[in-house]
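*Asks:* Mind docking these for me? Both chains are given alone in their own frames, and the hints should help you get the complex.
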Amino acid sequence: DTGVSQDPRHKITKRGQNVTFRCDPISEHNRLYWYRQTLGQGPEFLTYFQNEAQLEKSRLLSDRFSAERPKGSFSTLEIQRTEQGDSAMYLCASSLQGTAEAFFGQGTRLTVV
Amino acid sequence: AQSVTQPDIHITVSEGASLELRCNYSYGATPYLFWYVQSPGQGLQLLLKYFSGDTLVQGIKGFEAEFKRSQSSFNLRKPSVHWSDAAEYFCAVAPSFTGGGNKLTFGTGTQLKVEL
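Chains as they are written, first to last, in our numbering: chain A, 81 to 193; chain B, 99 to 214.
Here chain B stands alone, though its shape is the one from the complex (with noise of 0.2 Å):
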């Protein structure tokens, strides 16, 4: 069974500073890749995903992500954090093949805080 792993439960860092959060994947096949963001209260906001083609995919808000297939790895960066970049993020995969309804299985997620 897929599964995706977060090993970081909380990461804390200053405000501008760079962040790495980190996403593994145990899957069949390459799968779609995503990372999604979610602040308290709320539901979840795409801020990026990864198909095929360049390993190295930017999303929304400056961040970027890039897919190690040898590492079967998909980690999240953002050179400069902002505040407002405070909120729990995590890394999702779905199937890519034909059929397989694209339901997401998510990791368990990464708490950031960021401090002024």
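Isolated chain A, as found in the complex (with noise of 0.2 Å):
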């Protein structure tokens, strides 16, 4: 196992265009976590799952963001209509259970033009 692999590792999309971006987490890991990471900030926490289930979503989260993880494993995180706000790194994590210590993805770059 390689670790934690995100796709694609940059897009460049057109406002109100919209993307899905995928995360497939270290394979024994059940949580997964989404951030999002803007340019001279720290990453902030969008969303996690355990196994299949969301467990929490931020207030960042908008509408148009929707994040899925039909079988437990990798999961997709997809903007609708985006914004050029919208333009950042978004950054995949997984863990185990009750160990706390998360893995990072490379990131996909999203810009929106």
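Please keep in mind that the hints were generated in silico from the structure rather than gathered at the bench. Backbone N, C-alpha and C fix where the C-beta goes; we use that ideal spot for every residue, glycine too.
FRET-style restraints, in silico, Cβ to Cβ: (1) LYS94(A) with SER112(B): 44 to 50 Å; (2) GLY83(A) with GLU162(B): 23 to 29 Å; (3) GLY114(B) with ARG161(A): 48 to 54 Å.
*Replies:* So, in structure tokens, the structure goes:
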């Protein structure tokens, strides 16, 4: 296992388009987290899953954002009707329940033009 | 609400010099504490963590951090900095209670520059 994998690494999209990102966690990890990082800031929590259940969503996650983890393995984060303010690095992390030690992927850099 | 403060936005040190990056947190109880490092355009790599016990923790790449409960601080140190240490460093906290989800709250980061 090579760690947390995110795809794509970079995405440029026009305002108003929909985008979807994928995250493959470390295989034995049952928790999966999404964070957003804007320039000059630390990552901010968006949502997390325990197995296939989405247990918490941040107020940052507007109605245009939706995340899924259908079989408790990989996860997708979709942004509908993208806005320029959505431009950021989207980071995925995974952990084993109870360990608190999260491992991060390389991130997906989204640019909305 | 919990918060993490990293008062130094940028720090420049000479290669071989010692380093200390500051981190203070505000939390209802002692949380789990972490330091992560991020190279440009990359994800975050865990340097070290504190859960309980010995307040001086050792991490990878020669880094260490000391938890001081009375000061709500978790400062990162390295005795001798290498040019490859240039990166952005983030302090983070997570709930220590069961059911807290262990989501991380990050500081705004400290950008480290190393002069040769």
